[in-house]
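Asker: The chain contents come next:
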Amino acid sequence: MALLSVEDLRVSFPSPQGRVNVVDGISFELGQERLGIVGESGSGKSMTGRALLRLIRPPGRVEGRMRFEGQDLAALSERQMRALRGARISMIMQDPRYSLNPVMTVGTQIAEALRVHEHLPRREVRARVRQMLDSVRITDPDRVAGLYAHELSGGMGQRVMIAMMLIPRPRLLIADEPTSALDVSVQADVLRLIDDLVRDRSTADGGMALILISHDLPLVARYCDRILVMNAGRIVESCAASDLHLASHPYTRGLLAAVPKMNETRAELPVMDRSAWAGT
Amino acid sequence: MTAISLGNVDIGYGGQRVVEAVTFDVARGESFALVGESGSGKSTVLKALVGLAPEWSGKMSVLGRSCVHRPDRDLARRCQMVFQDPYGSLHPRKTVDAVLSEPLTIHGIGGQDARVERALSDVGLDRRFRFRYPHQMSGGQRQRVAIARALMLEPEVMLLDEPTSALDVSVQAEILNLLKRLRAERGLTYLMVTHNLPVVSFLCDRMAVMNKGKIVEIAATKALHDGRFTDPYSKALYAASGGGGSTE
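Protein chains in written order, with my numbering: chain W, 15 to 294; chain P, 104 to 351.
Worth flagging that the hints you see were computed from the coordinates, not collected in a lab.
Please note that the accuracy of each hint is not assured.
[Stated by the list, open to error] One side of the interface only, derived from the structure: several residues of chain W facing chain P at Cβ under 8 Å:
no., residue
1, 130
2, 134
3, 229
[To be verified] Using 27 Å as the maximum straight-line C-alpha spacing, the simulated DSSO-like pairs for lysine-lysine come out as follows:
no., chain 1, residue 1, chain 2, residue 2
4, P, 338, P, 317
5, P, 150, P, 283
6, P, 283, P, 325
7, P, 325, W, 275
8, P, 315, P, 162
9, P, 338, W, 275
10, P, 150, P, 197
11, P, 315, P, 325
12, P, 283, W, 275
This structure is a prediction, so every number in the text was calculated from the model and none was measured.
Backbone N, C-alpha and C fix where the C-beta goes; we use that ideal spot for every residue, glycine too.
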C-alpha cells in the first residue's frame, strides 16, 4: 500500500476575478521513495507541501483526497492533526534564519520537538538531542545545543532544523527548498545529509520517505528517485529521475535548456514561449 | 585600456576589515566576475567602487578617475549598478516612468519622454508598463526596469550584483540574454558579482575567486570548461557547483 496517496488535490484562493486554483487537480502516490516536485515560482509546488500538512488557512481552501498510512487527512480533527505533524510527517522550510525560534537555545528547541510527541525522562531527552545533533554531523553537540539561532551559520542552522524535524522519527519528510538559502558548497553537504538519513531510516524504524520541493531541476534529479514537474498548478510531467533527459513535455524541456551549463558555449540561451503550453 | 582598476584595496565596516589586499584590472569592454560564497566580500568590492562602503584604503579607479570615499555624481554618470533583488531595489510608490526619469532630472538631461520610451524598448518591455508600479509587475519585469534605470545615463561600466539570483531559471535565461545583447550593442564593461559559476560561463570572460575577503585566484572562463583551477578553494567551489561531470 502506498504511504501517501493524493487524488485530485485542489488549493484555491479568492481573487477579484473569483477563486483561483493555485493547485489544480493533481494526483500522485508515494511509497518508500524519494520524490522530487519541481517547478518555478507560482507553480503550486510549495502549496502542495503545505496542503499535505493542512497548513493552508482560510480564505485558502483545500479540496480533494489525501490519504496518509490509510488515514484520510481531511477528516482528522485539528487536535489529531497536531499529533501527526512533526511526529509522522515533518517539514524542513527554506530559511533556517526565519524558521528557528530566536529566543530559545537550539538544544531546547530540538528537545521541545521530541517532548511534544513522546513522554521521556529528562536524561533520555538530553541523550537523544545529543545523538541527533551528532547524526546531522555537528562536531561539538554540547556546545551547539547551548547556542541561539543567530549564532549559527546558514548550513549549521539548516542542520539544526533537520535534527529538529527528524528527532520524532517521522515516516515522511517534506523538504521545501531546503538549500536555496545556502551557499553552493554547503548545499551539497546538507542534501547529502538528508539523503543519508533517509536511506538509513529505510531499514530500521519502518523507513522514511522524502518529498523534495525545489525549483532546481538538476539538483532534484541528483537526489530523487522520481520527479514531478509542475506548472500553473498541474503536473505536466512525471518520470524517473534517471530518465529526465528523455522528458517530453515542452515545459520540462524548456526548463532544462534554460539553465546555463558549466561549459557554456551557446551564444544565447533558449527562452520559453510562455504561450506554448498555456493550454496543457 | 583599463576600465576598472583596483590596487591593494582593503575595505572595512565599522573598523572591521572584510576585504583584504584586493588587486585586479578589468579592461574596457571586458566582462569580469567576482565569485565566492556569501561573506567572502565580493559585494563589498562593488559597494566600495560606487562609494557606498566608504571605509577603504588603497588605489581604486574607474575609467581613469580615482574613486572617492562617497557617492560621486560624475562617476554615477559613467558607472551604474544593478542590485540583486528587484523586489527591494525599486521604490514601491514610484511608477516605472518616475524611476526612469529621476536620473535624467538629477543630471539635467532633457528629452526625457523619448529617452524613457527608448530605454523600455531596449530592455524588451512593452510601453504599457511605463505607468505601472513595481507591485504590478513580475520579478523578471522588475529586473528589466532596474537594468533600464542603470542604462538611462548611458554608462560605460555596469556593476551587477547577483542580477539573476532572485529569479526563476526561465526568467534568468531572458535576463542573461538581455545583458549579453546590451553589452555587445553598446560595448559595455561588466563587473559582476555572483555565486553561480554556470552564469559566469555564459556571460563573462574572466573571473576572480574570492574567499574570506581575499582573491585566491584569477582565471579565464575557460577554466570552467576543463576545471583547470590552481587554488584548492577554487577547485572545491568548482566541484560543489557540479563542475567536473558530477551533474547528469
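Asker: Are the hints correct? Go through all of them and say.
Answerer: Results of checking the hints against the structure:
| no. | hint | in the structure |
| --- | --- | --- |
| 1 | 130 | violated, 33 Å |
| 2 | 134 | violated, 38 Å |
| 3 | 229 | holds, 6 Å |
| 4 | 338/P / 317/P | holds, 16 Å |
| 5 | 150/P / 283/P | holds, 23 Å |
| 6 | 283/P / 325/P | holds, 18 Å |
| 7 | 325/P / 275/W | holds, 13 Å |
| 8 | 315/P / 162/P | holds, 20 Å |
| 9 | 338/P / 275/W | holds, 17 Å |
| 10 | 150/P / 197/P | holds, 24 Å |
| 11 | 315/P / 325/P | holds, 24 Å |
| 12 | 283/P / 275/W | holds, 16 Å |
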